[in-house]
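Colleague: Now for the letters of each chain:
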Amino acid sequence: MNTQAPTPAVGQEITGRGPTYFDNLVLENLLESFMELSAEVWTIRDRQAVLEAVLKDKGIDAAALIEAHRPDADEFTSRKTLRGEYVARLLAGFIRRTDIEDVTS
Amino acid sequence: MTDRGNLGIMPRTTTLADESYLDFLESFRDTVITKMFPALATAGHARMVKDGLALDDNAVPLEAIQASFAKAPVVPTWQRFMRSQQEMAFRRAQQSFARDIGDRVKVMDDAATAGPGRLVINPEFKVPDYTRREIHLQPGGYTDDPIGGIVYHYGTKVFYQGANDQDELHAEIVSLVTPPADGKMDKILDIACTIGQGTIQLKKRFPQAEIWGLDVGAPVIRYAHSRAVEMGVDVNFIQALAEDIPFEDGNFDHVMAYILFHEVPLEVMPKILSEVYRVLRSGGTFSIFEFPSATQNLSPYYRFLIDFDSKNNCEPYSIGFVHCDFRGMLKTAGFTVADGPKSSNSFLQSIVATKA
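Protein chains in written order, with the working numbering: chain A, 1 to 105; chain B, 1 to 356.
Next comes chain A alone, as it looks inside the complex (with noise of 0.2 Å):
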């Protein structure tokens, strides 16, 4: 029997195309975006909920305060910027696996 399994080199184990697992590659790529997804929405409610302690430490209603505040144009852009990375790991799934198989090697 083949006792050892096949690696990439180093730098290259998670970078590249991977493994999969289904027939259908769309099912492979939501589900990676679903769990990259609910990470990011776990993150958030967790920044919230420890922003709004450390807030009420201080004596701050920070629900109140957010609807009455209004960005400049140096934090729009620089939440568009975050806003774009997070986008492109939500779909990297999706990028990373064009085709049902690796055509380009």
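Derived by calculation from the structure, the hints in this document are not laboratory data. Any given hint could turn out to be false.
The calculated label-pair distances, taken between Cβ atoms and stated as ranges, are [as the list claims (entries may be wrong)]:
| # | chain 1 | residue 1 | chain 2 | residue 2 | range |
| --- | --- | --- | --- | --- | --- |
| 1 | A | Leu25 | B | Pro123 | 45 to 51 Å |
| 2 | A | Glu52 | B | Pro207 | 45 to 51 Å |
| 3 | B | Asn58 | A | Thr81 | 35 to 41 Å |
| 4 | A | Val41 | B | Lys342 | 36 to 42 Å |
| 5 | B | Glu168 | A | Phe34 | 30 to 36 Å |
Below, in silico cross-link-like pairs of lysine to any residue (SDA-like), each with a Cα-Cα straight-line distance of 25 Å or less [as the list claims (entries may be wrong)]:
| # | chain 1 | residue 1 | chain 2 | residue 2 |
| --- | --- | --- | --- | --- |
| 6 | A | Lys56 | B | Arg12 |
| 7 | B | Lys71 | A | Met35 |
| 8 | B | Lys126 | A | Val10 |
| 9 | B | Lys271 | B | Gln208 |
| 10 | B | Lys271 | A | Gln4 |
Every residue, glycine too, gets a C-beta built ideally from N, C-alpha and C.
Let chain A serve as the given structure and place chain B on it in line with the hints.
Modeller: Chain B alone, transformed into the frame defined by chain A:
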């Protein structure tokens, strides 16, 4: 350096967002392992029965098990989740600590000459190619990322589903180490010690002993040493190969190996066993905690799991280990072999090998 403090002895990531993201993955992994995998095992076994395959026959080919399992949609879903969560966890852990890479390397540089224990790095040391793998999908592996130690530490926090944040699993393993019959434990070697979690626990259990941790990866033992310095624990670390141990014959009373052998190619295993035999004194003991062996008549789901793990979690040598006659190799090396105390991790086998 971004200092968000520690959670006990576990460093925190450089941002709350990294921590929350990795917390999510820790919970996700826990659910996928503790709830989804048993469901997968049940579904896979049901498919095998339907296909007329026996569940208690090691002679059933792995390919037949995999073909039956694959008919249950939970199987590829679980596979996708396992692979992706591991990629996501190590990628994010590496990215988090890489933000402070210069400062993190400086902390290890500053600790390198500090005590109470010693750090021995040989600049002429050649890292064998077989060790340069991104084991467990960790970018750079144990050998190629200067901050591989802290990345391993936080990545395995997720891997162990939070059950080893304070080195609890290593403490349990060390509590099961079997000293020689005469009880003398003056010198102990921990081979493949990575970041020294077991090494430090050995010092806690045997405070009078001179203790050495040995590993091929400079990044992991440099981190191990800086961690021991910070904790004030008198243990020593050396970059070396388990198949070329730089100590004299009969130097140690005890050698411990925790989950080492499934990470080395078959041809290296006898060399390691021969070296451990050489550096143990007469009557010395060798405690081994390791993946199971196929000779133990594994359930089909275990065989499915080990094969999947080997091919999808960068464990390239584990299949070879599981299917080799490891106890036979120990006997060939000269050891008397017996079962050791079992840990709460039922997956691991425990062996005590004694030098006559």
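Colleague: With reference to the structure, classify each hint as holding or not holding.
Modeller: Hints, one by one, checked against the model:
no. : hint                           : verdict
1   : A:Leu25 / B:Pro123: 45 to 51 Å : 47 Å, holds
2   : A:Glu52 / B:Pro207: 45 to 51 Å : 46 Å, holds
3   : B:Asn58 / A:Thr81: 35 to 41 Å  : 56 Å, violated
4   : A:Val41 / B:Lys342: 36 to 42 Å : 40 Å, holds
5   : B:Glu168 / A:Phe34: 30 to 36 Å : 32 Å, holds
6   : A:Lys56 / B:Arg12              : 23 Å, holds
7   : B:Lys71 / A:Met35              : 23 Å, holds
8   : B:Lys126 / A:Val10             : 16 Å, holds
9   : B:Lys271 / B:Gln208            : 30 Å, violated
10  : B:Lys271 / A:Gln4              : 18 Å, holds
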